[in-house]
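Given the sequences, and given the hints that come with them, work out the whole structure.
2 protein chains.
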Amino acid sequence: MKAYSEMSKAELEALHEELLKAYADAQAKGLKLDMSRGKPAASQLDLGMEMMDALNSQSDMHTEGGVDVRNYGGLDGIPEAKKLMGDIMGVPADKVIVCGNASLTIMYDTVARSMLHGVNGSTPWCKLDQVKFLCPCPGYDRHFAITESFGIEMINIPMTNDGPDMDMVEKLVSEDTSIKGIWCVPKYANPLGITYSDETVRRFAALKPAAEDFRIYWDNAYAIHHLYEEADRQDRILEILSECEKAGNPNMVYEFCSTSKVSFAGAGISAVASSEANLAWFKQSMTIQTIGSDKVNQLRHVRYFKDMDGIMKHMMRHAAQLRPKFEAVIDVFEKELGGLGIGEWTKPNGGYFISFNALEGCAKAIVQKCKEAGVVMTGAGATFPYKNDPKDSNIRIAPSFPTPEEMAAAAELFVICVKLVSVEKMLK
Amino acid sequence: MKAYSEMSKAELEALHEELLKAYADAQAKGLKLDMSRGKPAASQLDLGMEMMDALNSQSDMHTEGGVDVRNYGGLDGIPEAKKLMGDIMGVPADKVIVCGNASLTIMYDTVARSMLHGVNGSTPWCKLDQVKFLCPCPGYDRHFAITESFGIEMINIPMTNDGPDMDMVEKLVSEDTSIKGIWCVPKYANPLGITYSDETVRRFAALKPAAEDFRIYWDNAYAIHHLYEEADRQDRILEILSECEKAGNPNMVYEFCSTSKVSFAGAGISAVASSEANLAWFKQSMTIQTIGSDKVNQLRHVRYFKDMDGIMKHMMRHAAQLRPKFEAVIDVFEKELGGLGIGEWTKPNGGYFISFNALEGCAKAIVQKCKEAGVVMTGAGATFPYKNDPKDSNIRIAPSFPTPEEMAAAAELFVICVKLVSVEKMLK
Chain Y
0 MKAYSEMSKA ELEALHEELL KAYADAQAKG LKLDMSRGKP AASQLDLGME MMDALNSQSD
60 MHTEGGVDVR NYGGLDGIPE AKKLMGDIMG VPADKVIVCG NASLTIMYDT VARSMLHGVN
120 GSTPWCKLDQ VKFLCPCPGY DRHFAITESF GIEMINIPMT NDGPDMDMVE KLVSEDTSIK
180 GIWCVPKYAN PLGITYSDET VRRFAALKPA AEDFRIYWDN AYAIHHLYEE ADRQDRILEI
240 LSECEKAGNP NMVYEFCSTS KVSFAGAGIS AVASSEANLA WFKQSMTIQT IGSDKVNQLR
300 HVRYFKDMDG IMKHMMRHAA QLRPKFEAVI DVFEKELGGL GIGEWTKPNG GYFISFNALE
360 GCAKAIVQKC KEAGVVMTGA GATFPYKNDP KDSNIRIAPS FPTPEEMAAA AELFVICVKL
420 VSVEKMLK
Chain U
0 MKAYSEMSKA ELEALHEELL KAYADAQAKG LKLDMSRGKP AASQLDLGME MMDALNSQSD
60 MHTEGGVDVR NYGGLDGIPE AKKLMGDIMG VPADKVIVCG NASLTIMYDT VARSMLHGVN
120 GSTPWCKLDQ VKFLCPCPGY DRHFAITESF GIEMINIPMT NDGPDMDMVE KLVSEDTSIK
180 GIWCVPKYAN PLGITYSDET VRRFAALKPA AEDFRIYWDN AYAIHHLYEE ADRQDRILEI
240 LSECEKAGNP NMVYEFCSTS KVSFAGAGIS AVASSEANLA WFKQSMTIQT IGSDKVNQLR
300 HVRYFKDMDG IMKHMMRHAA QLRPKFEAVI DVFEKELGGL GIGEWTKPNG GYFISFNALE
360 GCAKAIVQKC KEAGVVMTGA GATFPYKNDP KDSNIRIAPS FPTPEEMAAA AELFVICVKL
420 VSVEKMLK
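Read top to bottom, the protein sequences are chains Y and U. Start counting the first sequence at 0; every next residue gets the next number (numbering that gives the first Met the number 0). Start counting the second sequence at 0; every next residue gets the next number (numbering that gives the first Met the number 0).
One or more hints might be untrue.
Claimed, not checked - Which stretches of chain Y does chain U cover? Using the computed rule of at least three CB atoms under 8 angstroms from a CB of chain U, they are: (1) 60-72; (2) 143-150; (3) 258-270; (4) 287-296.
Unchecked claim - Computed spacing ranges between beta-carbons, pair by pair: (5) K390(U) / K282(Y): 31 to 39 angstroms; (6) L74(Y) / K20(U): 54 to 62 angstroms; (7) K305(U) / D52(Y): 51 to 59 angstroms.
Just so you know, the hints here were simulated from the structure itself, not pulled from any lab data. The structure displayed is predicted, hence computed values, not measured ones. Ideal Cβ placement from N, Cα and C applies to all residues, glycine included.
In structure tokens form, the structure reads like this:
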């Protein structure tokens, strides 16, 4: 196919006419699809329904250690759940606190706690003139929303295929005491789908922050969310807690994970892993904030999934559903956009997103055109702090919720919009 | 019986010898009982086990409105749960947000939010030199722990049989702009067991606070926790939200409740009720903090309890278990302490506590003596801000967890300790 940049003005004008017609036809189909959030499809949620039988009125409601999960007590979760969540993250159970129905809340509460009470005894951030976070981007909009809500200044860090630009991270962190954190989705990153390289993880672990209360917010949301069964198509990541220990920075990282996209979205369990000192600090305010998380739901999860083997088998059933959706999109992109020079996209081995980079200045217009034809995408810019993509180029595609057929139809519309907006930009 | 105050020194000394022996005998029994927290007994939790069958792998996991409870979405809870929790509080569903597994967390988060973001746009409390809360006491230790953890100054307000001393509340609230809140357990108060009178509720609703961001924290934890079936032994309370509306103070109150002592302690659902403006303000930060609470557990609760009728029937089964425990304690107290003039106790119609007032300066010693004989009580002083009971007199008794027989044994020990410590005080 001929790249758009090589076309004459007349060719582009002819193409524009064609595309306007194609777009009108697509609009006429009256699509009504939502690709805005990384939501599991109903058929994925059906996979978790067997878990609903893990506990019933006849069940023994005690942990192996004899704790009645129906009563108060147990701030950090039942031991079985600590073990399971630790296994997902690759850390020992004693480094884990099991929390409520979403890791988002742990992250918010961790930042809120740092604002109000400081970090392991440091000055509360609300007493400081300036607090900054590094934000590798494109990244996860809900991370940026947390820091923005507290008035924390966000600094964009470019992403490479190996993770964040570590030269920049190292320099900024070592120079500026007001930099207190960095948001990371280290595996199957949201939205890029890449996994941080071993070197990146080691450089994170070896950071020499100017601020003693600097922490890495390691949101391992997709730790086990592979799309493929083959070992060589499953990304691996170095375990950050032990790397930080080795590097003499045992307290520098908080790791988060959940079963939101394992069991049920919003009715799973979540966890944070960190050093003994950090967890002790967490518990100091948790003991005031909560009587502990829902232990019945923790028991339900461990009775059903049992162990990592059970979890991984379950995740392969998810993969079987998700894979065709990702491939449907990528197939359409390759067929329709290959060689045109008007967009680049990722082909992730896992996670929930495909990341698309349009020509500069085109993302918002593409998302708007999709919306006007019935397909809702994540808002352009959402993958950047302050919803501001400086290049107006990145679009996050969330293929999980529609069916593969719907996904293909949505992708067809998307490519028409990409082409149309790109041509219009070139004709300007 | 002869009051201790009428005894001669010789009589007291003889009594002291007797009591030392009785205490040694009691110690020799090797009791091991915990009356420290308002924890449901295992047999009460068994009552909730049928709820575990309300949802299974074959269940329709959609709300009446068609929302899939297994997926993301729905910040304020499913409509059915809003209705049920609203009914418990006597307020319409549209004034309710259903939250996680404990109302304690809503209260903590509400104070934390006010610290960081202010109240409906007011100055965040963390930016103020001074923030104060009124604390009717004896009261709930976990309330006081929240305000203490944020460095909020707590002011003791005496309790009467009709609720807090409203003369004092009205005066302080109208004069001091740094007073931002008051903690209330308005029905079957923790630990006094009294219910605020209609006049008290109306005076609360008609407060004229100097601070626009003053709020009443109305923790209706025992709204439906009667001990008796007879209507005349069930306390009633005026509904505060509508009283506040009538008085022109629609935004002045937050009401909290939960099913912690209805279904499971720590695995129930909780809710906050307030005005539209207040809930809108809550949601502004909730939408950053959470993806919504566990809707599967909400659905489980409404499928099982169905409506207020179902809830009240269930609560009567709880009452049947709790009543004998309360009565066992009160019987022992009346038999052993009646007429001695060394203690007063409450006879509540509901809730989870009996409140005991010893002679001034005796509470700590009594609790310590109980502990040394194997019976753990709530720490003396815990019912006051800063754990400081100025009179060292109040002891909270939580009869729910042991069996009635254990409760009677514990009460026997308790009265020996009361007598012993009282005599020792009088002999000093």
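Taking the hints in turn, this is what the structure says about them:
no., hint, in the structure
1, 60-72, "holds (count 7)"
2, 143-150, "holds (count 4)"
3, 258-270, "holds (count 5)"
4, 287-296, "holds (count 10)"
5, K390(U) / K282(Y): 31 to 39 angstroms, "holds, 33 angstroms"
6, L74(Y) / K20(U): 54 to 62 angstroms, "violated, 42 angstroms"
7, K305(U) / D52(Y): 51 to 59 angstroms, "violated, 22 angstroms"
In this structure, the hints that do not hold are numbers 6 and 7, in rising order.
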